[in-house]
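Using the sequences and the hints, build the whole thing.
Here the protein sequences line up with chains A and B, keeping their order. Going by this note's numbering, the first residue of the first sequence is number 1430, and it counts up by one from there. Going by this note's numbering, the first residue of the second sequence is number 1430, and it counts up by one from there.
Check each hint, because a few of them may be wrong.
Identical copies look the same in the list; a pair holds intra-copy or inter-copy alike.
Cut-off 20 Å, straight-line C-alpha distance, at most; resulting in silico cross-link-like pairs (SDA-like, lysine to any residue) [unchecked claim]:
1) K1439 x Q1486
2) K1493 x A1463
3) K1469 x G1447
4) K1493 x V1434
5) K1493 x L1457
6) K1493 x P1509
7) K1439 x E1480
8) K1439 x N1456
9) K1448 x V1434
10) K1493 x I1450
11) K1448 x K1469
Rather than coming from a laboratory, the hints here were simulated on the basis of the structure.
There are 2 protein chains.
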Amino acid sequence: MRATVTVNLKEGVLDPQGKAIEHALHNLGFSNVAEVRAGKVISFLIDGTDEAAARAQAVEMARKLLANTVIERFDVEVHP
Amino acid sequence: MRATVTVNLKEGVLDPQGKAIEHALHNLGFSNVAEVRAGKVISFLIDGTDEAAARAQAVEMARKLLANTVIERFDVEVHP
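Okay, here's the thing in structure tokens:
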């Protein structure tokens, strides 16, 4: 089944990439945009039929590799 | 209102970052994982109350700046 892990910087952690995007958007005339945050999304197939097991594995993968939990939080979605 | 633009490489476009993550996951013992794709997610606040207008603006922002539509596709979500 397909799973998606979305990783974002925690609230309060400086996000220079988001700031750069915000400046570029303002320069393009999109002046009503604020609080831009940039994150990453990793999607993959997990071989198996147990949705709960797939979710638990995706969380473990996020903790071990995909996210730096000191400064990032992550969400896991599993699509059966 | 808050909006999110998710940007992923189109099907068939080589994804070296996804491949690197896949190799790392296999090396960590997650051998049942395949087709890893890495993308980015940009979230922001749009000042305004019209959901349709906010969505149209987010699509325009994605086309002009956030995504390279030659090799990337994007999805827009607006959370009123």
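Do the hints match the structure? See the list:
1. K1439 x Q1486: Neither. Shortest intra-copy (22 Å) and inter-copy (26 Å) distances fail the 20 Å Cα cut-off.
2. K1493 x A1463: between (32 Å within a copy, 17 Å between copies)
3. K1469 x G1447: Both. Shortest intra-copy (12 Å) and inter-copy (11 Å) distances satisfy the 20 Å Cα cut-off.
4. K1493 x V1434: For K1493 and V1434, the Cα distance is within 20 Å only inside one copy (13 Å; across copies 26 Å).
5. K1493 x L1457: For K1493 and L1457, only the inter-copy Cα distance (9 Å) is at most 20 Å; the intra-copy one is 39 Å.
6. K1493 x P1509: neither (23 Å within a copy, 34 Å between copies)
7. K1439 x E1480: Close neither inside one copy (27 Å) nor across copies (26 Å); limit 20 Å.
8. K1439 x N1456: neither (26 Å within a copy, 28 Å between copies)
9. K1448 x V1434: Classified as between: cross-chain Cα gap 16 Å, same-chain 23 Å, threshold 20 Å.
10. K1493 x I1450: Between copies only: 12 Å across, 29 Å inside.
11. K1448 x K1469: Both. Shortest intra-copy (16 Å) and inter-copy (15 Å) distances satisfy the 20 Å Cα cut-off.
In this structure, the earlier hints numbered 1, 6, 7 and 8 are contradicted, and the remaining ones agree with it.
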